[in-house]
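Chemist: Protein chains in written order, with this note's numbering: chain P, 3 to 265; chain B, 9 to 187; chain U, 107 to 624.
Simulated from the structure, these hints should not be mistaken for lab results. This one's a predicted model, so the numbers in the text were calculated from it and none came from an experiment. Where a beta carbon is used, it is the ideal one built from N, C-alpha and C, also for glycine. Take the hints with a grain of salt, since some may be wrong.
What the hints assert, rightly or not - No farther apart than 25 Å at their CA atoms in a straight line, the calculated lysine-lysine pairs in the BS3-like style are these:
#1 B:Lys45 - P:Lys6
#2 P:Lys6 - B:Lys67
#3 P:Lys6 - B:Lys40
As the list claims (entries may be wrong) - Counterexamples of contact, computed for chain U against chain P with all Cβ distances above 10 Å:
#4 Tyr167
#5 Leu253
#6 Asn346
#7 Gly440
#8 Phe472
#9 Glu615
Stated by the list, open to error - Pair by pair, the computed Cβ-Cβ distance ranges are:
#10 B:Ser185 - U:Gln110: 23 to 33 Å
#11 P:Leu183 - U:Gln157: 38 to 48 Å
#12 U:Leu537 - B:Ile13: 56 to 66 Å
#13 P:Gly207 - U:Ala540: 54 to 64 Å
#14 B:Ser185 - U:Ile153: 30 to 40 Å
#15 B:Gly69 - U:Gln157: 48 to 58 Å
#16 P:Pro133 - U:Ile153: 31 to 41 Å
#17 U:Gly309 - B:Met9: 34 to 44 Å
#18 U:Gly309 - P:Lys57: 23 to 33 Å
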Amino acid sequence: MLSKVFATIAVAITGSILLYGVSDFPAFGDPHSPANAGVPGSESVSLYFIEESYKDTKVPNIVTSVLADYRGYDTMFETVVIFAAGMAIFAILRVVGNKEETAAKAAEEDSFTNGDHNRIIVGTTVRIVVPVIQLFALYVVAHGHHSPGGGFQGGVILGASFIIIALAENLNAALRRLSELNYVRLAAIGIFIYAAFGIMAQVLGSNFLDYGALQPIFMTDGPEMARSHSMLGVEIGVAFTVTAIMFAIYANLASRGQLVKGL
Amino acid sequence: MAEFIHDHIQPYFNYWVYVIIMMIGLWALIAKNNLIKKLIGLSIFQTAIILFYVSMGVKDGATIPILGHHGSSPPASEHRLFEDLDEEEPKKAHGKPVDHHAADDEHGEDHTHGHAGHHKTNPDLIANPLPHVLMLTAIVVGVATLGVALAISQMIFKEFGSLEEDEILEEIKASASDG
Amino acid sequence: MVDQIPAVLVLAPLFGALLIGLIGHRDHRVCFPIALASLSVTFFGAIAAAQHVFTNGPMDYFVGGWEKPLGIGIHLRIDALNALLLIAIATVAVLVTFFSIRRVGEKNTEKTHYFYILFLLLCLGLFGITIAADAFNLFVLIEVSSLTSYGLIAMGSSRSGTYAAFNYVLMGTVGASFYLLGVGYLYLTTGSLNMQDIHTILGSNPEIAQSKAVTIAFIFILVGIWIKMAFFPLYGWLPNAYSYSPSSTACFLAPLMTKISVYVMIRVMISVFGLEWIFVSLGWSHLVVWLAVIAILAGSVLALAQREIKKMLCYLIVAEVGYMVGGAWLADEGLWGMTGALYHILADAAMTLCLFLAAGIFVKRFRAREISDLEGMFRKAPWVMAAFVIGALAMIGVPPTCGFFSKFYLIRGGLDAGHWEYVGALLISSLINAVLFFRIFEIAFFGNKPAEGHDHSHDPHETEELPVASNEAPPVWSGNLPLFATAVIIILLGIYNGPVVALIRTFLEELPIVASSL
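Required output: the full structure, derived from the provided sequences and hints.
Modeler: Printed below as a string of structure tokens:
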């Protein structure tokens, strides 16, 4: 097999180059390695975050403050990546069929489900569990400042709550709660919220995404709390986009772009 | 041999592991015939990079990069839930003494004035947050790529009725010679 | 207001895309004006930024205001290296927007707004890559542009296109992952992600700069970018992916994606590692120039073997990438090779755009996919063919066009550095291009093919765009306007090569390696 030989050669070369470099690394777990403590003569970014981020932002979770504030520009484009992936999947897969035909199929699907007693246990359980999942998702989004969590994690959980409806009943049941039109809109609105925080800072005379400038809007004592509140705002925006796209990816992949019936 | 392991592998164990995992992914990516298996290889490949980044940020004995509610050192946030336990074991393995003043404070906007000033955090006890942030981004990118790749492979299955690379290539060749 | 331009450059296409996402499904006619408006904002922004850069020096922009210490926030930078490239991207984007009217979703109009969203996000990604001064931010934006281009390529309904897109996803992701890995090695050794900061650290700590990890970081970043730009041994994905994609997509991806990768390579070489380190400490310049020579020859010869117009152009791109990589690595003292490579990025963007637009029009209006289908084209479409000739002459390197001057600077660099093999490869490639294009001219002018050439017996799956009813056809100007504009740009860029090169030199002459040799 030619491809196997080629693969082995490629893997051997790449792997040996990588392992050759390992011997030069600082030891694993060294708190004074360049990555963790910087190199002599220049200020360490990582130490700055650990020591100063709370003073700057009043957010105890350093990962959240770095993600949503210091490197907020990255995170905005990360959300754009999700949005782009969703749009790419629609562009590739979505089959736009006859609308009446789709509606007829959906109706048929529903009548099938209503008469299907095997699904009662699963359906009822899901109906009870979904609100809990969604509540937990909101907690994860809102509590990202103080514990592991944030927009991406919460958004994925929220998206999963719709997917579980689709799995337990059928895709149409989930699409009735979050229709195609709405998830595209929701995804766009999520990024819009994120970018709006940045633009507002620009309007108030500062750089893009400089949340400290939003102090007059939030009416806080100092720029720190404005940053903290803005971070919650952008996390909510992220959660919108992630929720919408996670469900949309599932819906399109599970139904081969038809958006009926599902798995 | 034992010496080599002790000198060259043990201190860099995670780095060796990441290279091996990454090469497993790369091999699957090139050598496998099934497109979905290739995608699994791709995912393994990307995950290995995540392992590499996270390994960089590890500090021996350090905890997660989340401070206490008012910027105190991290173990405080754990102890805050169990105030009684603080009395009995005021120090965790690496923790600093818990600051009760901070722990008892209510969380609120009116407490924004410089608490952080007198809780000097020891950065050696807090893991490096930056690789975690970067990898959150990389994970999301990986998910997005995988989603698009799966969508494309569904299209391929629809067009060719197969996900095996050799069968697809044969089909393409056949249709090219017909045209 | 001027200081906010770097943010505006990426925000305008972003808002365009979001707006189309919100309202585009209702009426597809809103897509084009929104796209055009947001790209025009970027276009004028890019011009204003360039004006500012060439009068007041580089613009630094710190997102979120996190300026000190360097590297805690995201740093954007517009300097003489990328200011011209921004204008080039914006120009290509605006021209392709015109070309894309009605052309995108003719087969399935329901998807038109998805095309425009992906297109605008791709522009956003390219602008972001160009202005990024943070190594990790660059990765995120590379992914934005890659993901959108996967989607755009796979949108084409051709059968082989989906498989080509799949391969492109695999190769593109491996390339980006290698880049990410290289950035990880750099972060491990320097503790920073900011390009300027890494450059300072490497410059002031020779023991770090000499470490194995930094060398490996460079190898992986370089190989990652090479995969993205389809440099010689890693070019396999490009011809199929571009030639099977819809015309509008190909017209945008072909001129820009590979050139942006070349720019990223040059940016990483100059602003992260430093040319002294690369050319003096590593000393691999000979190796890479030889690879470039092989790339040029292989691309040209493979182009000669193609029957399809678009495929032939795709292999020419492989050769052109060889020109630019070779030029950037010539390591001659005055950096004329680098100058030529940077000028060639602009020139090649215009030439490739011109040829791909013409090829798109041939497919669209005359269903001519193969070279033999071009028979009698001078009679059928004299103006389109005239523009095609200008693009082809630029590709060959005939004097008044920009293609001649970029080759002139590249050859000057090659002679200064004593890389005769590179100079030879350039000349041979020009010769092959001449053979290639004069063959096409001959067919198009005289038509050396028997009459059954009109019989188009293509597999319906393979033709990406089915014939449309006459009332559905895009207005003729939508194809001709960008085509003629590009032809004019090719000639103007050639005539005004002096000022353009002078602007590029203002940046290069400040580099220590050149300053010491002057």
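Chemist: Does Gly440 (chain U) sit more than 10 Å from chain P, CB to CB?
Modeler: holds, 32 Å
Chemist: Kindly confirm whether 54 to 64 Å is satisfied by the beta carbon distance between Gly207 (chain P) and Ala540 (chain U).
Modeler: holds, 57 Å
Chemist: Classify the label on Phe472 (chain U) as holds or violated, using whether its beta-carbon is more than 10 Å from each beta-carbon of chain P.
Modeler: holds, 27 Å
Chemist: Lying within 31 to 41 Å: is that true of the beta-carbon distance Pro133 (chain P) to Ile153 (chain U)?
Modeler: Because 54 Å falls outside the window, the suggested range is violated.
Chemist: Does the Cβ distance between Gly69 (chain B) and Gln157 (chain U) fall inside 48 to 58 Å?
Modeler: Given a distance of about 55 Å, which is inside 48 to 58 Å, the answer is holds.
Chemist: For a C-alpha distance cap of 25 Å, please report whether Lys6 (chain P) and Lys67 (chain B) respect it.
Modeler: violated, 39 Å
Chemist: Using the C-beta atoms of Ser185 (chain B) and Gln110 (chain U), is the stated range 23 to 33 Å upheld?
Modeler: For Ser185 (chain B) and Gln110 (chain U) the Cβ distance comes to about 57 Å; the hint is violated.
Chemist: Does Asn346 (chain U) sit more than 10 Å from chain P, CB to CB?
Modeler: holds, 17 Å
Chemist: With 30 to 40 Å as the target window, see if Ser185 (chain B) and Ile153 (chain U) comply at their CB atoms.
Modeler: Because 51 Å falls outside the window, the suggested range is violated.
Chemist: Are the Cα atoms of Lys45 (chain B) and Lys6 (chain P) separated by 25 Å or less?
Modeler: Roughly 14 Å between the alpha carbons, so the hint for Lys45 (chain B) and Lys6 (chain P) holds.
Chemist: Taking the CB of Gly309 (chain U) and the CB of Met9 (chain B), does the distance hold inside 34 to 44 Å?
Modeler: holds, 41 Å
Chemist: In terms of Cβ atoms, is chain P entirely out of 10 Å range of Tyr167 (chain U)?
Modeler: violated, 7 Å
Hint compliance for this structure: hints 2, 4, 5, 10, 14 and 16 are not met, and every other hint is.
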